[in-house]
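The lines below spell out each chain.
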Amino acid sequence: MRYSGFRVIKEALTGHKGWKPVWRDPEPKAHYDIIVIGGGGHGLATAHYLSKVYGHRNVAVVEKGWIGGGNVGRNTTIVRSNYMLDGNEPFYEFSMKLWEGLEQDLNYNAMMSQRGILNLFHTDGQRDAYTRRGNAMILHGADAELLDADQVRKEHPYLNFDDARFPIKGGLAQRRGGTARHDAVAWGFARSADSHGVDIIQNCEVTGLRIENGKCLGVETSKGFIGANKVGCAVAGNSGRVMNMAGMRLPIESHVLQAFVSEGLKPVLPSVITYGAGHFYVSQSDKGGLVFGGDIDGYNTYAQRGNLPVVEDVCEGGVSLMPMIGRARLLRMWGGVMDMSMDGSPIIDRTPVEGLYFNGGWCYGGFKATPASGYCFAHLLAKDEPHSTATAYRFDRFRTGRMIDEKGVGNQPNLH
Amino acid sequence: MIINHPLLGPRDASEFTYLGDASLINRPDWQAEDAADAFYEYGYLRDNPAGEHQELWYHEAGDRSWLVVTRDTTTHEISKVELARDVARARGRSK
Chain B
1 MRYSGFRVIK
11 EALTGHKGWK
21 PVWRDPEPKA
31 HYDIIVIGGG
41 GHGLATAHYL
51 SKVYGHRNVA
61 VVEKGWIGGG
71 NVGRNTTIVR
81 SNYMLDGNEP
91 FYEFSMKLWE
101 GLEQDLNYNA
111 MMSQRGILNL
121 FHTDGQRDAY
131 TRRGNAMILH
141 GADAELLDAD
151 QVRKEHPYLN
161 FDDARFPIKG
171 GLAQRRGGTA
181 RHDAVAWGFA
191 RSADSHGVDI
201 IQNCEVTGLR
211 IENGKCLGVE
221 TSKGFIGANK
231 VGCAVAGNSG
241 RVMNMAGMRL
251 PIESHVLQAF
261 VSEGLKPVLP
271 SVITYGAGHF
281 YVSQSDKGGL
291 VFGGDIDGYN
301 TYAQRGNLPV
311 VEDVCEGGVS
321 LMPMIGRARL
331 LRMWGGVMDM
341 SMDGSPIIDR
351 TPVEGLYFNG
361 GWCYGGFKAT
371 PASGYCFAHL
381 LAKDEPHSTA
391 TAYRFDRFRT
401 GRMIDEKGVG
411 NQPNLH
Chain S
1 MIINHPLLGP
11 RDASEFTYLG
21 DASLINRPDW
31 QAEDAADAFY
41 EYGYLRDNPA
51 GEHQELWYHE
61 AGDRSWLVVT
71 RDTTTHEISK
81 VELARDVARA
91 RGRSK
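As given, the protein sequences belong to chains B and S, one line each in that order.
Start counting the first sequence at 1; every next residue gets the next number (full-length UniProt numbering).
Start counting the second sequence at 1; every next residue gets the next number (full-length UniProt numbering).
Be a bit skeptical, because a hint or two may be false.
[As the list claims (entries may be wrong)] Far from chain B by the CB rule (all over 12 Å, computed), these chain S residues:
hint: 1; residue: His5
hint: 2; residue: Leu8
hint: 3; residue: Asp12
hint: 4; residue: Ser79
hint: 5; residue: Leu83
hint: 6; residue: Arg89
hint: 7; residue: Ala90
hint: 8; residue: Arg91
[Said to hold, decoys possible] A few chain B residues that don't get close to chain S, going by computed Cβ distances all over 10 Å:
hint: 9; residue: Asp25
hint: 10; residue: His31
hint: 11; residue: Arg57
hint: 12; residue: Met112
hint: 13; residue: Ala129
hint: 14; residue: Asn213
hint: 15; residue: Thr301
[To be verified] Reference listing, derived: stretches of chain B covered by chain S, where coverage requires no fewer than 3 residues with Cβ under 8 Å from a Cβ of chain S:
hint: 16; region: 92-98
hint: 17; region: 252-258
If you are wondering where the hints come from, they were derived from the structure by calculation, not from laboratory data.
Heads up, the beta-carbon is just placed ideally off N, CA and C, and yes, glycines get one too.
Input sequences plus hints: build the corresponding full structure.
Dropping the structure here:
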């Protein structure tokens, strides 16, 4: 069932009786070629690319709850590729390019909006750092544009330019960045994977991994044992729990990141904006709500809720950057649990267990990576070798000192 | 969260900074045969449990003591707070 303008008109004229559920609700088979644990954005994207690009159709996605009910439904929907380091930027730019063609690829409206992202700077040193980052982005084929204060003022006149402590000196813009509707991303990948024969099995919790003689034979679930030649784990946030079933300790801590949305306002923010002096990033949804967030709470947790000090910190950052939002009321706030890795960068790699593969450690930047993460994980699962843009995301980089530390804060997960 | 400081009584968690798993007290022996492996595991690998977790908190905006807090990572409930000094000595460090 393809979506098109013609289809919408036809359904409108015939009482919308032709819309059907867009993925099946199958019972698990006894055995699959590949099982992906985790029906979030990354797991569903993996299934999509496995079936569509790599031709693997005997694939299952096993999800504990309902698809899209985890972090893919809890993020702030920002899409960008403004990284600096060699290990990261080609991967995120690959992801950005996949985002640009995603709706055509999936035949699904993900509400991809390339409204741009602007990282503000407030000091000369920060300008130098952003210039360097922008140059690194351009060298890797991404787009970057350094704006001075007057150029920023023209586009965003409401910002607090002349703050005594943190005056806005300019910003680094990535015009191709923007936002996408996160739920639609999960649903679009699910629909596409299902149409290529992937079984999406919801309400099926993985309770164990069956490992014999160093080889993973399948997963024990609440719906019984399901065998597989290969098992891929894409459960970022809960990676520690699932990989513990294989006896692995990870270079990861689980932390909570809170996000917020205000009441609906008239259009005020033309792009995504990040504050350079505090941790605050904001965009405006199509419904009008200001969607924003800031720092993680900073302590290990698996609870999907945070505490008040961070709420205060984030809102202070927002109001100091754009005083006009001071009277806007907060509509909702929520928390999501993330894998905070030891260098702030993800892992897509084999594990010491044969037939068991891992995708995780996305810190609080997993959403923008969704298509490339799925693509690269599918590549690894299908070919047993890393995709060319994800060769640095190895487990052993911590042992060998090849860390990808964008922020340069070392092995302290709550600082990334 | 309120952390019940053993010396100062109940204090707001925002007065503290967080370091991580209290296993960081158990620094490996740098002269051991397997020191490279031991320091890799010490520096980078974590149990990251869902449930009871012993962790190091630093009372930065207070008396600057290090605490070992036992907290449930699924509920944030704190069941025990000790001075890290006492825990470290009980584990045989700094004798």
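Against the structure, the hints:
1. His5: 16 Å, holds
2. Leu8: 18 Å, holds
3. Asp12: 8 Å, violated
4. Ser79: Ser79/S clear of chain B: closest Cβ-Cβ about 15 Å, beyond 12 Å.
5. Leu83: 19 Å, holds
6. Arg89: 24 Å, holds
7. Ala90: For Ala90/S, whose nearest Cβ neighbour in chain B is about 22 Å away, the distance exceeds 12 Å, so it holds.
8. Arg91: Holds, because the least Cβ-Cβ distance between Arg91/S and chain B comes to about 20 Å, which exceeds 12 Å.
9. Asp25: Holds, since 28 Å exceeds 10 Å.
10. His31: 30 Å, holds
11. Arg57: The claim stands: Arg57/B keeps its Cβ more than 10 Å from every Cβ of chain S (closest is about 34 Å).
12. Met112: Since the minimum Cβ distance to chain S is about 34 Å, Met112/B lies beyond 10 Å and the statement holds.
13. Ala129: 25 Å, holds
14. Asn213: 24 Å, holds
15. Thr301: Its Cβ does come within 10 Å of chain S, the nearest being 5 Å, so this is violated.
16. 92-98: violated (count 0)
17. 252-258: With 3 residues closer than 8 Å to chain S, the region 252-258 of chain B meets the three-residue bar; holds.
In terms of the numbered hints stated before, the structure departs from hints 3, 15 and 16, listed from lowest to highest.
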